[in-house]
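Enquirer: Chains as they are written, first to last, in the numbering used here: chain Y, 1 to 404; chain H, 1001 to 1452.
None of these hints come from the bench; they were simulated from the model.
In this text the structure is predicted, and so the values were computed from the model without any measurement.
A portion of the hints provided could be inaccurate.
[What the hints assert, rightly or not] Restricting the straight-line Cα-Cα distance to at most 35 Å, the calculated cross-link-like pairs of lysine-lysine (DSBU-like) are: (1) K60(Y) with K206(Y); (2) K290(Y) with K1329(H); (3) K281(Y) with K220(Y); (4) K1077(H) with K1095(H); (5) K183(Y) with K1019(H); (6) K124(Y) with K1019(H); (7) K183(Y) with K1433(H).
[Said to hold, decoys possible] A few chain H residues that don't get close to chain Y, going by computed Cβ distances all over 10 Å: (8) E1021; (9) L1103; (10) P1159; (11) G1195; (12) M1258; (13) Y1269; (14) A1315; (15) N1405; (16) V1441.
[Said to hold, decoys possible] Residues from chain H shown here face chain Y by an in silico Cβ test under 10 Å; the list is partial: (17) C1018; (18) N1023; (19) F1025; (20) G1076; (21) T1171; (22) E1174; (23) T1358; (24) D1362; (25) L1390; (26) Q1417; (27) D1428; (28) S1435; (29) P1439; (30) S1445; (31) P1447.
Built from N, CA and C at the ideal position, the CB exists for glycine as well.
These are the residues of each chain, in order.
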Amino acid sequence: MKKITLFLLSAFFLSTTVFAGGYQVRLQGNKQNGMGLVGTSLNMGSSSIFYNPGALSLMKDKLHFEVGASGIMSNIDFQMEGTNSNWQPNNPVSTPFYVYGAGKINEMISVGVGVYTPYGSTAKWDEDWAGKFLIQDIALKAIFIQPTISFNFNNKFGIGAGFILATGDVEINKAINYSDNAKANLKGSTLSYGFNVGAYYQATDKLSFGIDYRSKITMKMEGGDATFTIPTALQTTIPPTNKFDAELPLPANLDFSVAYQATDKLLLAFELDWVMWGVYKNLEFTFEEKGELLNSSDPREYKDTFIPRLGAQYAVNSKLHLRAGMYYDQSPTNEDYFTPETVSLNTFAYTLGLSYSPIDMLSIDVSFLQLFGQKAEKSYVPDNFNGTYQSITYIPGLGVSFKF
Amino acid sequence: MKIRYFVYLVLFAFLASCKPEVNEFTPSKGTADFTTYVALGNSLTAGYADGALYKSGQMYSFANILGQQFETVGGGKFVQPVVNSEFGVLPGKLKLGYSIDCLGVTGLGPVSDAGDLDSYTNHVDYAVNNMGVPGAKVIHLLAPGYGNIQNLPLGLANPYFVKFAATPDITVLEQALSLSPTFFSLWIGNNDVLGYATSGGVGDAITPVDQFGGAYAMLVQNLTQGGAKGVLANIPSITDAAFFTTIPYNIVAIPDTMQYAVDALNAAYAGYNAAMEQMGKPYRIHFQLGPNPMVIQDPGMEGVPEPLMFRQMTANELALLTLPQDSIKCATWGSAIPVPNQYILTETEIANVTEAITQFNDIIKSTATNNDLAFVDFNAIMHQVATTGLMFEGVTFTPTFVQGNLFSLDGIHLTPQANALVANYYIDAINAKYSANVPKVSITSYPPIQFP
């Protein structure tokens, strides 16, 4: 009994869509979205609250506001090893958004606040699909609130820091192999803290550098609600309602970036993001009741990844900017512990974008990304669950920014 | 107006929209021909489960699963002799339910699931591909009259074959050959030892090896004569089945408060121990608080007078699932009254079973080799299940009764998920032998044991 129950509780928490290399898309500004998500060496107004608080004090306007959203439409196809059986999750469109506002207090100091959703998506496999004992569906909604302060020295070098208050809601369903339709539902909320610090250096009129560090945030779920839909006969063994604790690390990021104004019209930027996935070793659950039966620890053994990004912006005229970019996002997953809760494949992406300013104070920012999760055969060895995955994701985005 | 740039972008997004498509698997029949697949065997082939051959259990027979998978590589329709009842052809269907034991304690376990049967007198008039006959031994597939209702009272016929035999005296083999099979599976031989084993070594005899070998060779020779290809499977180590491993040898539990019972039993057996000592026999009976080995009848005790042919069971012996536990709890079976031999497999009997299985499996293996047929080593697979368990798609398979996912409620026949597992092993063997690419099935698509 114990062994079986362990599997049912094994793999869950955040998803692909949320958490994977392939989906750790930082859609936190529709201008940056169009440039391969390069942002740390760019000075594009209040979205620096996310990309590089160090750049905020160097923003060109007195007041700057940005608001926008994206729609993540992910398509995954899975074929089980040795079969011609395919499954595709019906992932609903998820809509990460951002709101930033920042103002200059004086020439040296800027302050701002950002509300953004760096993690928030859903993976919804069929209730009766082949991997139902690993995961049926998973949904995470996380909102980060980040007040930020930034200083600059001599208008060239800026540093900044923000405090992150992270709220998260997670819900997971997975089937249990006792009778048809038996399942476990796990649901909980977290409140966690972190920080975001960055430095920005405008070396020359044409050349800028940025470095940014966003801390690891451990989402600790305490007293989450576990509901087991199981036959009456088993309810003395597995209580229908229970509480659980679990935690999941959102890894630290260290981003290095350089931007170069090649011509009056053309801006080029390169960025390397170090995502410290190595902290994600195990996924552990501790239950209040029947812990001896239900507690589990399942290996994930992620590894750090480095994401190279390229972005370009071309100013057609003062009203119209066109953007393009690309990046390659390695899967942080371990060969032996790839679960369908997190379909994270090596992913190549291209990005497009444009901004149009009908009047000087307003910019309409549009972006479009396409992500190609490379087809790969993957295994979750503890459950002997093997197959080939591929994913293609579309992410259109729309935002507006105001400056005064 | 720069609206056209927005239009371009939207247009591009539209053009770019394509979906991922994983297609790593190309079904192929290889060098085999699955046009007409015929399955021969016993209850395992028939889809017997939970103590009965009933409609939904039959649907999940490994043979039916194979038949459906073969359809993707040119196989014809696989027809089963459908039992139109969820309760079976004969009474005995089990379900998980509650029962109250002799002590008034309610427990969860297999209980009778009775209802309207689809009797063997309701004859199946269409041609069938699944020739699995529950209870059949090797020799039975060659026996004329095995499907003749007149022979039932004589014990020479089998009601399950009576139900679908094309003519009264046709043999199972003849009926199979009448379909001109291009491919066959033959999983037979279990009952040549199982009947002996499930009756505690008293109800049935193990088939003599020569007879087994002769009949087996004749079956395969006939099946392959027309050029058909096929797959043979050997006999699992049946003593690893839940039927034999669920009831512990030391089930007689004396609570701490009942020292008087220990004393009374030891006093009662003092004479037995003294007699054994006098005869120079190693047998002693001793009770203590806590779990105690059952006292069992053993007619195999040499040099012991018949009234004294009982002893305490050893850890190497097996109690059968059919042992009435109420008799242990309330009628002093296993303590004051020796458990009848029919509920126990003694070490000698286990050795007989094991030896027979080894000999039969040698025959099956060499027949497969000599005829260049695919071969599935279920004996090795069962051994793996019993020692380490198996895991597929998050489903564990162990021999543990009910919870092990392998055995249905009768402790011997398979669950739907286990049938899918078995079908996948067949497919592996077939693909390897015939360079085919028959798709396997997802085990999780099949139901687990249903709890109330």
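Enquirer: A separate judgement is required for each hint: does it hold in the structure or not?
Expert: Verification of the supplied hints:
no. : hint                   : in the structure
1   : K60(Y) with K206(Y)    : holds, 15 Å
2   : K290(Y) with K1329(H)  : holds, 29 Å
3   : K281(Y) with K220(Y)   : holds, 15 Å
4   : K1077(H) with K1095(H) : holds, 31 Å
5   : K183(Y) with K1019(H)  : holds, 30 Å
6   : K124(Y) with K1019(H)  : holds, 17 Å
7   : K183(Y) with K1433(H)  : violated, 40 Å
8   : E1021                  : violated, 6 Å
9   : L1103                  : holds, 19 Å
10  : P1159                  : holds, 31 Å
11  : G1195                  : holds, 32 Å
12  : M1258                  : holds, 27 Å
13  : Y1269                  : holds, 37 Å
14  : A1315                  : holds, 23 Å
15  : N1405                  : violated, 7 Å
16  : V1441                  : violated, 7 Å
17  : C1018                  : holds, 7 Å
18  : N1023                  : holds, 7 Å
19  : F1025                  : holds, 5 Å
20  : G1076                  : violated, 19 Å
21  : T1171                  : violated, 36 Å
22  : E1174                  : violated, 36 Å
23  : T1358                  : violated, 30 Å
24  : D1362                  : violated, 30 Å
25  : L1390                  : holds, 8 Å
26  : Q1417                  : holds, 8 Å
27  : D1428                  : holds, 8 Å
28  : S1435                  : violated, 15 Å
29  : P1439                  : holds, 4 Å
30  : S1445                  : holds, 7 Å
31  : P1447                  : holds, 6 Å
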